[in-house]
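Residue numbers (the numbering used here), protein chains in the order written: chain H, 1 to 150; chain L, 151 to 451; chain D, 452 to 650; chain A, 651 to 1313.
Hints were generated in silico from the structure; no laboratory data involved.
A couple of the hints might just be wrong.
Going by beta-carbon spacing under 8 Å, a handful of chain A positions derived as facing chain H [to be verified]:
(1) R748
(2) H750
(3) V754
(4) V1288
(5) A1289
(6) L1298
(7) V1306
(8) L1311
(9) L1313
Ideal Cβ positions, reconstructed from N, Cα and C, are used throughout, including at glycine.
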Amino acid sequence: MAEYEPKIIAFVCNWCTYAGADLTGTSRIHYAPNVRVVRLPCTGRIDFMLILQAFGQGADGVIVSGCHPGDCHYTAGNFHARRRWMLFRRLLDFVGVDMRRVTFSWVSAAEGAKWAELVNSVVADVRKLGPYEEFPQRLGGPGQKPIEVA
Amino acid sequence: MRFGFFPGCSQEGSSREYQESLREVASRLGIELAEIPDWNCCGATAAHTLNHRLALALPARTLALAEQAGLDEVVVPCSACYNRLAGTRHELLHDEALRQQITDIIEMNWHGATRILNVLEWLNRVAGELPGHVSAPFGHRVACYYGCYLTRPKALAACRRIEDPIEMDELVRAVGAEPIRWAYKVECCGAGLSVSRTESVARLSERIVSDAVERGAEAIVVACPMCHTNLDLRRDAILAAAPPGGRSRLASIPVLYISQVIGLAMGVSPRPLGLHRHHVPVRLSAAPPSVAPVAPGEGEE
Amino acid sequence: MSAPVKHADGTAGLAEAVAAATGESVFNCYQCGKCTAGCPLAEEMDLAPNQVLRLLQLGQPGMDEEVLGSLSIWLCLTCEQCSTRCPQEVDIPKITDWLRQESQRRGVANKKAKAILAFHKSFLDTIRRGGRLHEVGLITTFKLRTWRLFQDVLVAPKLLARGKLSILPHRIEGHAGVKRIFERCEAEPANPAHKGDQA
Amino acid sequence: MPRIGVFICHCGENIGATVDCAAVAQAAGRLPGVVHAVDYKYMCSDPGQSLIKEAIREKRLTGVVVGACSPRMHEPTFRRACAEAGLNPFLCEMANLREHCSWVHEKGEVTTQKAIDLVRMLVEKVKRNRPLTPIRVPITKRALVLGGGIAGIQAALDIANAGHKVVLVERDPSIGGHMAQLSETFPTLDCSQCILTPRMVEVAQHPNITLYTYSELESLDGFIGNFRATIRKKARSVDESLCTGCGACIQKCAQKKIPSEFNAGLGRRTAIYVPFPQAVPNKPVIDRARCTYYKSGRCKLCEKACPTKAIRFDQEDELVTIDVGAVVVATGYDVKPTSFFPEYGYGEYKDVITGLQFERLASASGPTLGEIRRPSDNEVPKKIVFIACAGSRDPAKGIHYCSKICCMYTAKHAMLYSHKVHDGQAYVFYMDIRAGGKMYEEFVRRAVEEDHVRYVRGRVSRIYQKDGKLIVKGVDTLLNSRPVEVEADLVVLATAMTAQPDAEELAQKLKVSYDGDKFLNEAHPKLRPVEMNTAGIFVAGACQAPKDIPETVAQASGAASKVAGMFSRDELSREPVVAVVNRQPPPVWSTCVGCFLCETACAYQAIEREEIRGRDGSLIRTIAKVNESVCQGCGTCVALCRSKSIDLQGYTNEQVYAELLAL
Ligand SMILES: Cc1cc2nc3c(=O)[nH]c(=O)nc-3n(C[C@H](O)[C@H](O)[C@H](O)COP(=O)(O)OP(=O)(O)OC[C@H]3O[C@@H](n4cnc5c(N)ncnc54)[C@H](O)[C@@H]3O)c2cc1C
Ligand SMILES: Cc1cc2nc3c(=O)[nH]c(=O)nc-3n(C[C@H](O)[C@H](O)[C@H](O)COP(=O)(O)OP(=O)(O)OC[C@H]3O[C@@H](n4cnc5c(N)ncnc54)[C@H](O)[C@@H]3O)c2cc1C
Ligand code: SF4
Ligand code: SF4
Ligand code: SF4
Ligand code: SF4
Ligand code: SF4
Ligand code: SF4
Ligand code: SF4
Ligand code: SF4
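Could you build the full structure based on these sequences and the hints that come with them?
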């Protein structure tokens, strides 16, 4: 594998980070094309299984990004998210996910440049880590059915 | 009833009347005071000032000895010693690493089993016994002086109302005295600077004595040897610090330990209470209070 | 704890050392002055309590030294009036305790504090020897240290006459243990948590 | 089988120059379920939209993906186009090929590949979209206003003047709130009652306003547009319809020494009383806790005095239920009493008073008829000390925040004092002077420059009484921290403005959120300052945070305009992005296990409990149910539900996982 291109999946909220990434576009700031964005109403909507599924689907890295705490469109949504991220960390760690491959961040609707930096740095970091082969294999490889939740 | 007892150094010496009177009152109430075996000095302000670790280790040794002796509660009459012992206990109980460090230094185990009682806490605890013993109510207007270490710091919470404590007032009232409302209950008397900066102590103590006198107190009541030394033994310095006109009024007001007031009310004669040891002579007529007692904390209405 | 503060020349400031050793941040002080207004000795101090904190907050060249060399830190009675009323719960006496020890360690204690220091040292000497305070011994050592031969001479006879002074020191049984406590406490640097050393 | 149409836009050169749009369309055409895929220069143009509409009709499309700009730009455009062609608008999704692709990457294969991926994700998602209908909620066009201070009065009048019905509920016997107690108001020094009382009368006479004084909210059920409020009308012991307000009963009342709340304890009132002469309604109530008759069973002097036989000793509390569409909360604030301050004497010095008490001393309608006289001996104080930040900005003992208005009212007090006592001297001990507002700084400067109020920068350590004087011990930190001692005749504490003592209880009744200090929370501090997180409930005045009258009134009018805006329609309509709890045929009913984790997750109280009962009426199970008019669609509940029983329409688990699986 001469040119390894990491595959990054980003879960972003509609109000802040999605809009921030729009601003990156309107500002014509270029960044690595490795990222695929999944738009959600709020980071509160993101759950642990979604992140696992992303890895199961062959992602080498995952970004989770929403509004800054306190600026959430939904008053409390990202506070819940923040608390849950702590839990996610532990759970993901427990399941054996390489935590260097999950990046939690805040990008507001005004932070176009920050979005580009975030993507670039995650891509660079994950590139260094190499393809995440162990994980998808453990789950039976890409393309499998959504993980059933207990 | 039996309580542990930590007399503290000054009560072996310059303030021995405090210990004498306390023991007298206790024995009349049928309370045994069991001295902590081989206790040592708490280090007072000196250790505090010069070496923080020493300021914890010295009291810790005594705390550990009390625990070894199986004492659940120890009465500490001197409020400065109380501050050091209770403060050390508080600090060590809230810092595991520090406790380890200090127990290593003193070569003793310590778990914090023994509670430290200041003299007011203890007296109020046994105050229920008092009425039956009061034979000569102490019918005088008195200024209850608490000083610093009985009310502060908040963490030790020796008194409920930090700016205007009433625990001593309640005690003297129980033995027939009338506590006055005054402004210097908790102002510092100069404490540990008594020897090294007598002038400062005189200046601070002068305000205390003046206010007590101006508001018609016949005596000042204290619960700490340091306060007593500064207000009684240093009276000449206090007079020197007073404005020339007002000196004579300040000269005669005596300073009594709370235990002496209670002892007198119980009909104990002056000598066993150590009254003869005071610098300012204690000459109080047996007149009943002229005004009906006012509960501290009540408004003027 | 507060963010580290560096001096212009890159050395660590005293504020940082205070925080490391005592857990108290001088930056919590918002200079209301309530501590000074209630301090019994503020009038005699060369720096008011809030000014000590202010100098530490600014940490400009020379300010830390001014604090360590001040008389104020020796005058403080640890009466806790200031900390009791401080709206920001700054524990001034705790900070002062540490500053005194640091001032001694650096050998910059204010000259006018000599008597106070001598008293404290004499006090500890008697405990070191016997485990308990011996007042005659204390006064004697103190006199020797300060050459204040005449002061308090007036008081001593009064005490003697009233049976309040014991001439012979009391020695507790565990006095050897107490001595060892002194040795251990004095062996290690008095302010172990202090990291920022100045040139 | 899904029949998806994909439409790739070039946006002129914007997308077309970087992404090979034709290749994207071709690749999309090969995706399973895609029956139509084209690219076009400007999709949002009329011909572009027609392209989509025609395809929907001709190809009987069941879903549309437009690969173009950001959905935040044109999603409404394309959804409308779909709807016009007869396709449910929620079956249209957009892939963001411009902002997220062509504008941020280099021209080339990789970028085109990304565009294809993005389209594929949305194709997989749209296959699982369900037709949705916007949510419609009917509105009861009557507002409930809680609290009759200036905030409640303003809101009620604004809503009523917009032509809607208002029910105003005030806890006290009269409306007016704190403003009625004030003397003159900064920064203009106009008389508080002169500007307030006409408004109070207007409230009483307004045909659209129903006023319930001496009443409190008992409970509130329902949701936006459809609340049901139960109000407890406390027994006044006076028949309002008979009472003429003549005052004969008050004259005769046997109890005359009750501290008057209106005069902040400085004056006295009777047991049957109106709080102040300009009260609205100007009809008395009997304070049963203080009345001789209720205590001892004898007296009734008032009854004998009443010419209209209006006294009703046996009157009982009454519960009234009303339907309302919106609620404005305007319950105001409280101030810390002097007994709160240990170092200032635990409230034991009569001549240490609060700012509110000073207002009463300075007010022409107050106990001293506007003369500044101290409470202890009625003397005119020659030296007066004002202490700012008393209890505010004091995390150790008081509250951590700044009460915001006290710098201004302290300057006002010092000024009023100087105007009234010409040979007096006013001191203000302060830490900072916070005078941000139109003409506010000028106002404070006037106090210093013209009235020579002496401002001392430092906090007071202690106050004690000596020889009839109050010794105020402070320090001036601007003067090398020199001690400053003032022998004052009267001390006024600018005590902290706090939330009402029962604010928490009220918030729980209303299911709205509040902060650590019990002030009610607005939905967003900048952009939704008068709404609360529970839809249909609005907030105004000092119950939300300390504020002065201008700000209070502005917020009240803001809340009123929100209500009026809501009432201008007959129905509410919203995007159906809301959570739903699944329902399955019996015996399963739903996979919800009733753990109500979702309930704790939801910041909007949108989760309700639904009881499932068998035919015999026996309870089978309690499961969660989402109130779709309240749900905001954040999805937090979905992420928390362990049994995956609750899902978010428009972003269902199935849809999101499908997006992932497309990768
Ligand atoms: C000493 C002082 C001086 C001031 N001077 C000025 C000034 O000069 N200029 C200025 O602009 N501002 C001044 N203010 C501020 C001013 O008082 C407030 O901005 C204003 O009163 C806030 O109005 P409000 O309606 O929000 O609250 P409030 O006036 O407190 O009214 C709230 C009303 O709601 C009622 N209520 C409470 N709970 C309930 C319930 N559960 N159910 C029903 N009713 C309830 C209360 O009885 C009250 O009538 C001053 C404040 C103080 C303390
Ligand atoms: C340095 C700075 C930092 C700030 N930081 C904050 C902060 O952190 N938080 C905060 O809450 N606030 C902050 N503010 C304040 C904030 O900017 C203002 O409160 C807010 O922008 C005011 O909005 P506005 O719509 O009233 O006025 P503006 O933003 O000035 O908008 C007025 C608009 O009207 C247009 N206009 C002007 N005249 C005419 C005319 N005759 N006809 C037609 N159009 C006209 C102007 O072009 C402009 O678009 C800050 C302000 C500054 C200066
Ligand atoms: S009282 Fe506290 S906050 Fe105020 S100046 Fe002193 S230390 Fe600073
Ligand atoms: S502890 Fe020290 S600084 Fe604080 S009030 Fe007492 S003497 Fe002053
Ligand atoms: S739909 Fe969007 S991308 Fe296409 S032409 Fe219009 S603005 Fe440009
Ligand atoms: S019955 Fe009550 S309200 Fe009436 S006059 Fe008597 S005390 Fe006053
Ligand atoms: S006397 Fe009767 S009519 Fe007059 S105010 Fe009283 S209750 Fe009303
Ligand atoms: S408004 Fe002024 S007086 Fe009031 S708390 Fe804020 S700074 Fe203090
Ligand atoms: S979290 Fe899920 S299972 Fe629990 S109550 Fe809510 S919908 Fe039901
Ligand atoms: S989607 Fe958000 S607002 Fe709706 S019920 Fe769930 S948590 Fe509440």
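Against the structure, the hints:
no., hint, in the structure
1, R748, "holds, 6 Å"
2, H750, "holds, 6 Å"
3, V754, "holds, 5 Å"
4, V1288, "holds, 6 Å"
5, A1289, "holds, 4 Å"
6, L1298, "holds, 6 Å"
7, V1306, "holds, 7 Å"
8, L1311, "holds, 7 Å"
9, L1313, "holds, 5 Å"
Checked against the numbered hints above, the structure breaks none of them.
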